[in-house]
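Visitor: Take a look at the letters that make up each chain.
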Amino acid sequence: MKELDEYDPQQIRTLLEQEHWLDPLPPVRRVPLTGWQRAVFWGLRIYILIMIVVVAWGFSRSVG
Amino acid sequence: MKAPLQTQPSSVTDTVALPEDVSLRLADRLHVHALRHGRATLWNRLLLGLTLIGPGILVMLGDNDAGGVVTYMQTGARYGIGLFVPLMILLGFVAYLVQEMTIRLGAVTRRGHAELIWKRYGPFWGAFSLFDLVAANVLTLMTEFIGIRVASAVFGWPYGLTIPLGALFVVLCLVYLRYWTWERISLLIAAFNLVFIPITLFSHPDWSAIAHSLVGGGWILTGGLLAPAFLILLSANIGTTIAPWQLFFQQSCVVDKGLLEKDINAGRRDLMIGVVGMVLVAMALIILSGQYIHGQAGADHFSIGTMIHLLKIRVGPWVASLFALGLLEAGLIASIVITASTSWAFGEAFDIPRSLNARPQQAWGFYAPGIVSVIIAAGVVMLHGIPLGFLNLTVQVVATIFMPAALLFLLMLLNDRELMGDEVNGPVRNTLSIGLMALLILCNALYGLASFHVLL
Numbered sequence: 001m002k003e004l005d006e007y008d009p010q011q012i013r014t015l016l017e018q019e020h021w022l023d024p025l026p027p028v029r030r031v032p033l034t035g036w037q038r039a040v041f042w043g044l045r046i047y048i049l050i051m052i053v054v055v056a057w058g059f060s061r062s063v064g
Numbered sequence: 065m066k067a068p069l070q071t072q073p074s075s076v077t078d079t080v081a082l083p084e085d086v087s088l089r090l091a092d093r094l095h096v097h098a099l100r101h102g103r104a105t106l107w108n109r110l111l112l113g114l115t116l117i118g119p120g121i122l123v124m125l126g127d128n129d130a131g132g133v134v135t136y137m138q139t140g141a142r143y144g145i146g147l148f149v150p151l152m153i154l155l156g157f158v159a160y161l162v163q164e165m166t167i168r169l170g171a172v173t174r175r176g177h178a179e180l181i182w183k184r185y186g187p188f189w190g191a192f193s194l195f196d197l198v199a200a201n202v203l204t205l206m207t208e209f210i211g212i213r214v215a216s217a218v219f220g221w222p223y224g225l226t227i228p229l230g231a232l233f234v235v236l237c238l239v240y241l242r243y244w245t246w247e248r249i250s251l252l253i254a255a256f257n258l259v260f261i262p263i264t265l266f267s268h269p270d271w272s273a274i275a276h277s278l279v280g281g282g283w284i285l286t287g288g289l290l291a292p293a294f295l296i297l298l299s300a301n302i303g304t305t306i307a308p309w310q311l312f313f314q315q316s317c318v319v320d321k322g323l324l325e326k327d328i329n330a331g332r333r334d335l336m337i338g339v340v341g342m343v344l345v346a347m348a349l350i351i352l353s354g355q356y357i358h359g360q361a362g363a364d365h366f367s368i369g370t371m372i373h374l375l376k377i378r379v380g381p382w383v384a385s386l387f388a389l390g391l392l393e394a395g396l397i398a399s400i401v402i403t404a405s406t407s408w409a410f411g412e413a414f415d416i417p418r419s420l421n422a423r424p425q426q427a428w429g430f431y432a433p434g435i436v437s438v439i440i441a442a443g444v445v446m447l448h449g450i451p452l453g454f455l456n457l458t459v460q461v462v463a464t465i466f467m468p469a470a471l472l473f474l475l476m477l478l479n480d481r482e483l484m485g486d487e488v489n490g491p492v493r494n495t496l497s498i499g500l501m502a503l504l505i506l507c508n509a510l511y512g513l514a515s516f517h518v519l520l
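Chains D and W supply the protein sequences, listed in that same order.
Heads up: the first sequence begins at 1 in our numbering, then just goes up one per residue.
Heads up: the second sequence begins at 65 in our numbering, then just goes up one per residue.
Calculated from the structure, these hints are not laboratory results.
Here the structure is a predicted model, which is why all the values come from computation and not from measurement.
Cβ atoms here follow ideal geometry from the backbone N, Cα and C, with glycine treated the same way.
Check before you lean on any hint, since a few could be wrong.
[Said to hold, decoys possible] Short, incomplete list of chain W residues facing chain D, as computed with Cβ under 7 Å: (1) Val-86; (2) Ser-87; (3) Leu-90; (4) Ala-91; (5) His-97; (6) Arg-174; (7) Lys-183; (8) Tyr-185; (9) Thr-458; (10) Ile-465; (11) Pro-468.
[Said to hold, decoys possible] To give an idea of the interface, some chain W residues facing chain D are shown, with a C-beta separation under 7 Å as derived from the structure: (12) Leu-94; (13) His-95; (14) Arg-184; (15) Gly-186.
For reference, chain D alone in the conformation it holds in the complex (with noise of 0.2 Å):
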């Protein structure tokens, strides 16, 4: 494959120009999650949170 400098430089700036190298991606802005999204994100920590002491219980009492 050929390296930048071997490319024609209109070449170069135009496909730049077509695909939006240089510019700034456009801002994120920030969306608070709503309250069933939160509650549903919370009861899936505690479902983790209870699965992996499941899983530490077992493989303490495989390895015991």
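Dock chain W against chain D, hints included.
Guide: Relative to chain D, chain W alone:
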């Protein structure tokens, strides 16, 4: 190797100094552009296709990791050539459904998964998702080094040498290769994952049993659908097909490769090739184990080492050697991609330089988490007396329990019209994804209960 940093205005743009990672990515994009807009010959089309493949094949063949190989073999050993053979085809569709969303998300937003969660929903939830990913990644990396350790034993190589060498190879690939070279070398290693297909083909598979299983024959589940063993293997098989690292990895890979909205279809083709490869390898392993291990006394509890030994006796020494090489490769390729996903996620979360094109001295904060994760995982697996088989099983469970939360973030981002524009998810895809999440939680919960029940 990574190119020297351009600090002066580039001769190619005359007025603009390109950051190193952009200049390298631009060279990759110019190559794609030249092939896409060049003469429409068959050769050019083929080259374009080969240039655009990468993230999808890597994620799906990396998915057939050492832990996955062990799981498929255990599945065949317990249930033979039956329900799990066609189930792999269904799981292939599930993997495509999930991974396709990461292609669109990465190509449209040009941002990685961790970055989007962090910026859109704030550092609190971003840190949660990053913690889940890193914990699952370090644990999964352990299973990869377990694979390397088991394969080393088959050849009589000391794991005290092969594990550090494997770890060093993974770190060197991550730190010293630019994205393009890293991707091509990884693809070459990943291609060896397909070795399990000829192994099975040349082992005289029972084609009638295979055909029978595809139409409902041999679907005998000892103990029924709620048997702990069935639930454990079902969860483990789902867990080996879709995992949190895959979401983060493919999206970051799409971004670092420089794929854009116009490349989404090419990304889908790449993913489809990977999914077909993943399904064929998984089916091959279940068939191999189902034919030669299933039915042996104590087969349900055989270690992978015992299974390889049985294959050596029943099929031939060449099978055992090739199988061990395949296991070594599975561990190595998964280590490479999982390590990259850890580094990418840290780089995205903390908004630091995060391209494989970046030189190590300018992006140590990006490379360090990946390197540390490899050292921890390799170090643990080198410990003497560690129960490798059960550690592998435990890791599969832990990795799968993180998946629903990761999937929920993915779905929220894919339904965000401000980010995705016209590429937002449709109702069918949303319904299927929510159904999948519910199924995952149900399977994991039943898995937990089954484990609890078995261990009591």
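Visitor: Hint compliance check: list the failing hint numbers for this structure, sorted ascending.
Guide: Nothing - there is no hint that the structure violates, so all of them hold.
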